Amino acid sequence: MSIVSTIQQTVISSLSALYNQPFTEKDFQVNQTKPEFEGDYTVVLFSLVKSLKLSPDAIGTALGNDLVSKNAERFTGFNIIKGFLNLSIADSYWTDLLQKNYNDICYGKKPMNGKKVMVEYSSPNTNKPLHLGHLRNNFLGWSVSEILKANGYEVIKSAIVNDRGIHICKSMIAWQLFASGQTPASTGTKGDHFVGKYYVQFNDEYKRQADELIAAGKTKEEAEKEAPIMKATQQMLLDWEAGKPEVIELWKTMNQWVYSGFDATYKRIGSDFDITYYESNTYLLGKKIVQDGLDKNVFFKKEDNSIWIDLTADGLDEKIVQRKDGTSVYITQDIGLAEQKYEQYHIDQSIYVIGNEQDYHMKVLKLICQKLGIGNAAGIYHLSYGMVELTSGKMKSREGTVVDADDLVDEMVATSRQHTEELGKVKDFTEVELTELFDTLALGAMKFYLLRVDPKKTMVFNPQDSIDFHGFTGPFVQYTHARIKSILRKAGEWSMLNEQWTALLPLEKAVIVMAEQYPNIIEQACREHNPSVIANYVFQLAQTFNSFYTEHSVANAETEEKKKLRLQLATMTATILKSGMELLGIKVPERM
RNA sequence: GGACCGGUAGCUCAGUUGGAUAGAGCAUCAGCCUUCUAAGCUGAGGGUCAUUGGUUCGAAUCCAAUCCGGUUCACCA
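For the record, in the first sequence the residue sitting at position 118 is 266 according to the working numbering, with numbers rising by one throughout.
One should not assume that every hint holds.
[Said to hold, decoys possible] Derived CB-CB ranges, DEER-like:
#: 1; residue 1: Gln612; residue 2: Ile362; range: 20 to 28 Å
#: 2; residue 1: Gln157; residue 2: Phe577; range: 45 to 53 Å
#: 3; residue 1: Tyr478; residue 2: Glu173; range: 43 to 51 Å
#: 4; residue 1: Lys230; residue 2: Val574; range: 30 to 38 Å
#: 5; residue 1: Ser217; residue 2: Phe185; range: 20 to 28 Å
#: 6; residue 1: Ser217; residue 2: Glu173; range: 18 to 26 Å
#: 7; residue 1: Asn179; residue 2: Val574; range: 28 to 36 Å
#: 8; residue 1: Ile362; residue 2: Lys544; range: 31 to 39 Å
#: 9; residue 1: Gln612; residue 2: Pro393; range: 19 to 27 Å
#: 10; residue 1: Asn179; residue 2: Thr549; range: 42 to 50 Å
#: 11; residue 1: Gln612; residue 2: Gln648; range: 20 to 28 Å
#: 12; residue 1: Gln330; residue 2: Asp462; range: 22 to 30 Å
[To be verified] Result set (SDA-like, lysine to any residue): computed pairs, CA atoms no more than 20 Å apart in a straight line:
#: 13; residue 1: Lys511; residue 2: Thr588
#: 14; residue 1: Lys258; residue 2: Gly300
#: 15; residue 1: Lys711; residue 2: Leu245
The set of hints was computed from the structure by calculation and includes no laboratory data. This one's a predicted model, so the numbers in the text were calculated from it and none came from an experiment. Glycine is no exception: its CB is placed at the ideal position from the N, C-alpha and C atoms.
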């Protein structure tokens with residue numbers, strides 16, 4: 149039990165005894181005491197004033213005396229300032245906590261709870277390479293999965309690949325027109341970038357043709373409809389759906405190029421999936437469900453034979469689920485896939501890591517699934533995240549202002565190499581070790597940078613800040629870990645007896661107090677589906693340790709007991725830093 | 001226009017179910033390496049928490065209105 153819960157329970161029983169009436173945790177607040185006051189934790193008394201009809205001071209004095217007299221081994225003293233009861237916690241509480249947990253690599257994590265969660269993330273298109281936005285998505289999806297696991301869930305990571313549709317045909321058409329048979333292999337280009345190039349080329353050519361038609365007197369709308377390259381693309385989509393062999397063949401070939409490119413990127417950034425769904429397999433899935441929905445009167449048919457759901461009672465509009473020609477729309481396949489996920493895995497929760505521009509769509513999807521009674525539809529959760537903007541404004545693929553994922557990784561690796569060489573601390577590393585270190589630092593910096601912000605918020609990507617390795621960054625935390633490891637290596641073997649600790653110094657206590665909060669932090673991150681909670685915590689812990697580190701020596705501690713205490717302190721800090729960073733998908737080096 | 005999200009230091013962000021003098025990092029300035037890794041530490045300056053009103057012992061936090069920014073409201077995906 150956490151110290152806060154412990155205090156809450158103790159206060160509740162004290163209050164009940166003193167005032168002869170029941171209390172709950174909601175009747176008062178327990179906060180950490182502000183540094184300028186004496187004490188460790190504070191009970192806020194104001195909320196009790198009304199029901200007890202006593203002054204805050206009177207309540208505080210009675211409560212403080214009762215707590216200290218009945219729990220002398222836990223509370224060593226109290227003071228009351230303006231309605232705040234500041235409690236001092238016995239050092240033995242902190243040293244016991246340290247002794248019990250300092251070497252536990254599972255500290256803060258929960259045992260399996262028998263629940264299954266699917267986390268869907270990444271969801272790329274096969275017509276362009278991954279960019280900065282995908283990175284936020286991937287890092288979030290991975291991290292949330294790890295956080296769920298730490299909270300006892302079994303996690304299935306999934307991706308849905310958007311591999312069909314008119315946009316895919318665009319790059320295919322452009323390749324036919326302009327590539328003259330070139331391939332990724334023949335040009336030495338990464339497959340996804342190769343295909344992405346033709347997608348861009350399509351848009352250029354399309355715009356050129358449309359402009360030409362407009363110049364010839366057509367309206368913009370007519371021109372966009374009649375441009376030959378667009379007509380060819382639409383024909384190709386029809387051919388694809390009809391299964392025309394040469395179109396299917398080209399589609400498979402080009403998708404394969406993209407997949408090999410994606411695989412390389414995923415491998416590099418440390419992302420993977422337990423199951424990958426392809427839209428070409430799922431896009432017809434929802435049709436049977438539409439029929440079921442009609443039978444159950446969840447859906448209704450209009451005169452033109454299109455099928456709809458009426459969500460006006462839920463504050464939304466009517467939504468189409470099948471066109472009048474009988475073909476399915478975007479949301480239909482999502483319903484189908486949602487059901488398939490439940491049937492395949494019997495999951496309790498289904499988390500979708502998707503940008504906030506789909507908030508409305510996901511709301512509708514969840515509602516429809518609930519009305520249809522699909523699986524555990526109440527467990528559908530849209531982890532909605534904000535866009536990544538550049539300091540110069542939004543990323544626009546058509547204007548070439550996207551930040552490419554591969555380029556960014558390369559740049560970060562180069563930066564970490566440069567920083568490391570300037571510092572010259574790892575001159576004895578082999579080339580293999582160096583490469584691994586640069587990757588660890590580069591990805592650490594990137595992941596931390598993208599995960600330290602609340603997911604739901606739109607964030608700004610500042611290239612200068614992102615390559616900074618000082619302050620609130622991944623490398624800062626990695627550095628703190630490496631530094632601790634260095635101390636521990638030099639300390640060699642040491643054993644713990646039942647030590648009699650002398651009084652804790654403020655900076656020693658500060659570190660343990662931070663460490664005590666880790667289990668709560670893991671829980672909070674899970675509850676809020678929010679990795680930034682971990683990032684902020686891990687940074688603060690590292691910062692607290694660093695303050696301790698510069699003030700007090702471990703190796704040359706005042707006494708042998710102090711040395712052991714500090715070795716434990718250092719061990720526990722390193723363990724939590726490693727564990728917390730792992731929840732963010734970030735590795736920590738032993739040396740750097 | 002309706003719905004949803006946001007507005008906190010020059011910049012990027014924290015800020016628990018309302019609690020004490022609103023916090024970090026970057027940037028700026030001033031200090032700290034003969035001692036465990038200075039990718040570090042200590043300190044200073046920097047705020048009308050968008051605005052106005054309300055709720056109360058107490059509001060960045062809750063309510064209402066207004067202003068500004070974003071997203072969405074397709075028989076596109």
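Do the hints match the structure? See the list:
Take Gln612 and Ile362: their Cβ atoms lie about 42 Å apart, and the range 20 to 28 Å is violated. In this structure the supplied range 45 to 53 Å holds for Gln157 paired with Phe577, their Cβ-Cβ distance being about 51 Å. Here the CB-CB span from Tyr478 to Glu173 is close to 45 Å, well matched to the stated 43 to 51 Å. At roughly 53 Å, the beta-carbon separation of Lys230 and Val574 lies outside the given 30 to 38 Å, and the hint is violated.
Checking the proposed 20 to 28 Å range against Ser217 and Phe185 shows it holds: the Cβ atoms sit about 22 Å from each other. Distance hint for Ser217 and Glu173: a CB-CB separation of about 22 Å, consistent with the stated range 18 to 26 Å. A hinted range of 28 to 36 Å for the beta carbons of Asn179 and Val574 is inconsistent with their spacing of about 43 Å. For Ile362 and Lys544, the hinted distance range of 31 to 39 Å is not satisfied, since their beta carbons lie about 22 Å from each other.
At roughly 52 Å, the beta carbons of Gln612 and Pro393 sit outside the given window of 19 to 27 Å. Judged by the Cβ atoms, the range 42 to 50 Å given for Asn179 and Thr549 holds: they are separated by roughly 45 Å. Roughly 52 Å separates the CB atoms of Gln612 and Gln648, a value that falls outside the hinted 20 to 28 Å. A hinted range of 22 to 30 Å for the beta carbons of Gln330 and Asp462 is inconsistent with their spacing of about 52 Å.
Only pairs whose Cα atoms come within 20 Å are accepted, and Lys511 paired with Thr588 is rejected, the gap being roughly 38 Å. Taken as a hint, the Lys258 and Gly300 pair is honoured in the structure, with Cα atoms around 5 Å apart against an allowance of 20 Å. For the suggested pair Lys711 and Leu245, the alpha carbons sit about 17 Å apart, so the restraint of at most 20 Å is met.
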